[in-house]
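**Student:** The letter at position 56 of the sequence shown is residue 90 when you use the working numbering, and the numbering goes up by one with no holes.
One or more hints might be untrue.
Here are the simulated BS3-like pairs of lysine-lysine, each with C-alpha atoms no more than 27 Å apart in a straight line [what the hints assert, rightly or not]:
| no. | residue 1 | residue 2 |
| --- | --- | --- |
| 1 | 72 | 123 |
| 2 | 72 | 107 |
| 3 | 72 | 61 |
Everything labelled a hint here was simulated from the structure, so no lab data went into it.
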Amino acid sequence: MKKIIYILLMIIFAFFALALIPINTSKENSVEVSGTIKSLSEGGAKDLVFELENDKTTYYINRGLENRFELDKSKTDFIGKKVTLNYAKSWTPLAPFGTTCKHITQISVDGKEVYSEFK
Numbered sequence: 035m036k037k038i039i040y041i042l043l044m045i046i047f048a049f050f051a052l053a054l055i056p057i058n059t060s061k062e063n064s065v066e067v068s069g070t071i072k073s074l075s076e077g078g079a080k081d082l083v084f085e086l087e088n089d090k091t092t093y094y095i096n097r098g099l100e101n102r103f104e105l106d107k108s109k110t111d112f113i114g115k116k117v118t119l120n121y122a123k124s125w126t127p128l129a130p131f132g133t134t135c136k137h138i139t140q141i142s143v144d145g146k147e148v149y150s151e152f153k
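Could you put the whole structure together from the sequences, leaning on the hints where they help?
**Tutor:** Here it is, written out as structure tokens:
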């Protein structure tokens with residue numbers, strides 16, 4: 035019985051350890067997507083959330099509204115514009131088949147880079 039409890043605790047610990055691995059936001063671990071910005075909104079903890087036309091996935095700049103972006107100005111500047119963005123590939127046991135909300139690592143609007151986490 036003790037052996038079963040020990041194994042179960044190790045599995046639970048491994049599950050939580052995998053869930054806490056930080057996302058690799060390097061250029062090599064990013065996927066590029068292009069489209070037209072349909073809407074912008076605030077989400078989570080001051081995240082700037084983008085929706086693209088004909089795309090079910092939402093994309094966000096983590097803490098974007100705390101770090102140099104303003105929602106109203108961003109709506110005026112970005113909605114209806116062509117965008118190329120990179121998002122971080124990630125996996126977590128909490129969402130083993132992926133999520134429909136992706137972390138933006140770089141974004142260019144009409145060919146001009148407006149945000150990047152790359153160094």
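**Student:** Keeping to a limit of 27 Å between CA atoms, is the pair of residue 72 and residue 123 held or broken?
**Tutor:** The hint holds at about 23 Å.
**Student:** For residue 72 and residue 107, compute the direct alpha-carbon distance and say whether it is at most 27 Å.
**Tutor:** Holds, at roughly 15 Å.
**Student:** Could you grab the alpha-carbon distance between residue 72 and residue 61 and see if it respects the 27 Å cut-off?
**Tutor:** Distance ~25 Å between residue 72 and residue 61 Cα, so the pair holds.
Going down the numbered hints, you'll see the structure goes against none, and every one checks out.
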